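**Q** All chains, please: the whole structure from these sequences, using the hints.
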Amino acid sequence: MKKKITALLLAMSMALALAACGGGNPGTPSSTGSNPSTPSTGSGTSSAGGDVIKAVYCASMNNESQAFAYKMFQKHEAEFGMKVDVLDDQGDAAKQAENVQQAAAQGYQWIIANPCDAAGLVTAYKAIKENNPDVLLSTYSADITEEAYRDFFVGINDTEAGITAANAFIEKFPNGCKMVEIGGQAGHNAQILRHDGFMSVMKDHPEFEILDCQNTEHWASDEAQAIAEDFVTKYGDDIEAVFCHWDNGATGIINALQAQGMNDVLIVAVDGCRAGFDQVSDGTQYATIMNNFETDSVDSMTLAVKALKGEEVPSTNFIKMDIVTLDNINDFTAPEW
Amino acid sequence: MKKTQKIDSQTVIRFIMDHMLVVILIALAIITAMVEPKFLKVSNLTNIMRQFGALSFVALGLTFAIICGFIDLSIPGMLNICAVMSVILVNPLGQVGALIMTLIFGLFAGFLNGALITRSGGTTQAEGLFITFGMSQVWSAAAMLISDGKTQQLRWCDRPYTIFKFMGSYNVFGVIPIAMVLFVAVMLILNFYHKRTYSGRCMSLAGGNKTAANLAGIHVNVTIMRTLAIGGMMTAMGALMLVSRVTNASPTVGLGYDNDAILSVVVGGTSLAGGKGNVLGTMLGVLLVTLLSNCMNLLGVSNHMQYVMKGAVLIFAIWADNRKNLHSN
Chain B
1 MKKKITALLL AMSMALALAA CGGGNPGTPS STGSNPSTPS TGSGTSSAGG DVIKAVYCAS
61 MNNESQAFAY KMFQKHEAEF GMKVDVLDDQ GDAAKQAENV QQAAAQGYQW IIANPCDAAG
121 LVTAYKAIKE NNPDVLLSTY SADITEEAYR DFFVGINDTE AGITAANAFI EKFPNGCKMV
181 EIGGQAGHNA QILRHDGFMS VMKDHPEFEI LDCQNTEHWA SDEAQAIAED FVTKYGDDIE
241 AVFCHWDNGA TGIINALQAQ GMNDVLIVAV DGCRAGFDQV SDGTQYATIM NNFETDSVDS
301 MTLAVKALKG EEVPSTNFIK MDIVTLDNIN DFTAPEW
Chain L
1 MKKTQKIDSQ TVIRFIMDHM LVVILIALAI ITAMVEPKFL KVSNLTNIMR QFGALSFVAL
61 GLTFAIICGF IDLSIPGMLN ICAVMSVILV NPLGQVGALI MTLIFGLFAG FLNGALITRS
121 GGTTQAEGLF ITFGMSQVWS AAAMLISDGK TQQLRWCDRP YTIFKFMGSY NVFGVIPIAM
181 VLFVAVMLIL NFYHKRTYSG RCMSLAGGNK TAANLAGIHV NVTIMRTLAI GGMMTAMGAL
241 MLVSRVTNAS PTVGLGYDND AILSVVVGGT SLAGGKGNVL GTMLGVLLVT LLSNCMNLLG
301 VSNHMQYVMK GAVLIFAIWA DNRKNLHSN
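For the record, the sequence lines run as chains B and L.
Counting along the first sequence from 1, when you hit position 97 you're at 97 in our numbering, and nothing is skipped either side.
Counting along the second sequence from 1, when you hit position 132 you're at 132 in our numbering, and nothing is skipped either side.
Calculated from the structure, these hints are not laboratory results.
Don't take each hint at face value.
To be verified - Straight-line Cα separation of at most 30 Å, DSS-like style, residue types lysine-lysine; simulated pairs:
| id | chain 1 | residue 1 | chain 2 | residue 2 |
| --- | --- | --- | --- | --- |
| 1 | B | Lys95 | L | Lys310 |
| 2 | L | Lys41 | B | Lys178 |
| 3 | B | Lys172 | B | Lys320 |
| 4 | B | Lys203 | L | Lys38 |
| 5 | B | Lys178 | B | Lys203 |
| 6 | B | Lys75 | B | Lys306 |
| 7 | L | Lys195 | B | Lys178 |
| 8 | L | Lys41 | L | Lys195 |
| 9 | B | Lys320 | B | Lys126 |
Quick caveat, the model's predicted, so the values are computed rather than measured.
**A** Structure (structure tokens):
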């Protein structure tokens, strides 16, 4: 009898877990992608005047900003007469290349990819352009190296994010300072571009001494905190400022600094997520460079509808990044993610 | 005379091989301290102990799983769901309720791994590997679902979370993080369980040879479920330590912890073939992994080179383990 009860409990929990995973929660990615869900051919017409546009978002659902971006696509898909599915690459560039090619073969009209590896996606996009020229290809958030192989790009300029952060430090420390940089996931496109943008400005400002720079293995707060703790050990009070590539990483850095009583260190991070807003509000973070994913998604869909109607659309579309500080934080709507 | 000398040198080599981990740790500490004297600062030693937190508990649980003959790859997914759950449950259940529910969930999830392995008949190491990997995917997706893909911050909780703060930042005598004290206490209990109790010893026997264990009257399936349940609970404990330390829980926080935990366990002397190993060795393994990152950061070694170092240490540990087995055979 005990065994039966245990088996029943296990079966129920498994069913619950599976049901939960298969649910249609708008904020949630579908399962990893070798088998994308069949797009709805649903009722109604698209903005392009035909059936519902079949689109697929190829990105890493283990990255919360990308998962949130998908949620924004889902939020607005009906307005644009679309059905946006997702193919999860889990941060694997090879899998992403495979996913986009599979999506083209399955008849998606629009493929949106957030490149894991800019160069890696080019080959897949090139193959699609050669074999399925009617498929609309775009990049999101980060761009690929060969613009000729995609129809348009919408997103932030990660290089610009690094430049904006550097300028925020220059404005705050006109005479320079000693600082460290804690980067995002090593080798990730955003990490590379944010670092490059930051250094492109800082190389012309010798009054700033970059004491050290280290990247994390993943976009993980605990890894950022561990690096910050090691930097505090090594450089101690010499650290006057920290550039962190993402707001949730800054949370870990703030913990590390506060544990050593270093409350005056100036922190600038990128993303403009809710944690970043909170940290700017309570004064533990000086500024967050904000990326608005809702705008990104809506702009992408607007351009896709136009392109599918045969209209010309601009090739590169950067979304403006805002510097959110305590002085202007009330001018912005606090983000949901 | 010559023969005696040969035996002596072999003994020395054997001794070094048997205590290679301690030798590496001491060498690493000496080299780092010479290049960067701040390595020996009390605050750095406290940092190292604090960084022990999550990985140490996860590795403890994995030690038992590997001794029992399974490499539990559900660790990332379980860390993801347990971490997110612990924060989300603070509002409805309060912090004590959240902590208890997370631990119970970890226990249950580990038990479920064991039940799936035994009920599906997939009791070889490879089958267990894939079943636990599958469960990791399930728990990761569930973590995404319940968190809506967002990092959950403790500061967003309406109810107090002082226990989390205490576990994440309190230092005994101002130096030893409470997480370290908890870890040592749990490790000693588990070591006692493993070495001094019947069911603890069953793990080694079942891991060494399941058929022989069955013939000896050991209920292998129950042993597997019990072992993986302990592993699940330790993973949940690790998630709580992680959340306490960083004050937030990302639905992807567990990424990479399986690699580091396997590295710690194997380097600590637990045989991947199962049947042999101990939690004290795992503690040294965790110390090595944590020290490696700390030393490399202090020495300014890039993240990519840190990967190389960890990989090299893992390969060396497996080589040393196989070599030791050859000698003993």
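**Q** For every hint, state whether the structure bears it out.
**A** Results for each hint:
1. Lys95(B) - Lys310(L): Within the cut-off at roughly 25 Å; holds.
2. Lys41(L) - Lys178(B): 22 Å, holds
3. Lys172(B) - Lys320(B): With a Cα-Cα distance of about 21 Å, the restraint between lysine 172(B) and lysine 320(B) holds, given a limit of 30 Å.
4. Lys203(B) - Lys38(L): 29 Å, holds
5. Lys178(B) - Lys203(B): 14 Å, holds
6. Lys75(B) - Lys306(B): Holds: lysine 75(B) and lysine 306(B) sit about 19 Å apart, inside 30 Å.
7. Lys195(L) - Lys178(B): Not satisfied, since the Cα-Cα distance of roughly 53 Å exceeds 30 Å.
8. Lys41(L) - Lys195(L): Violated, at about 36 Å.
9. Lys320(B) - Lys126(B): Roughly 29 Å separates the two Cα atoms, so the pair holds.
Of the hints listed earlier, those the structure fails to meet are numbers 7, 8, in rising order.
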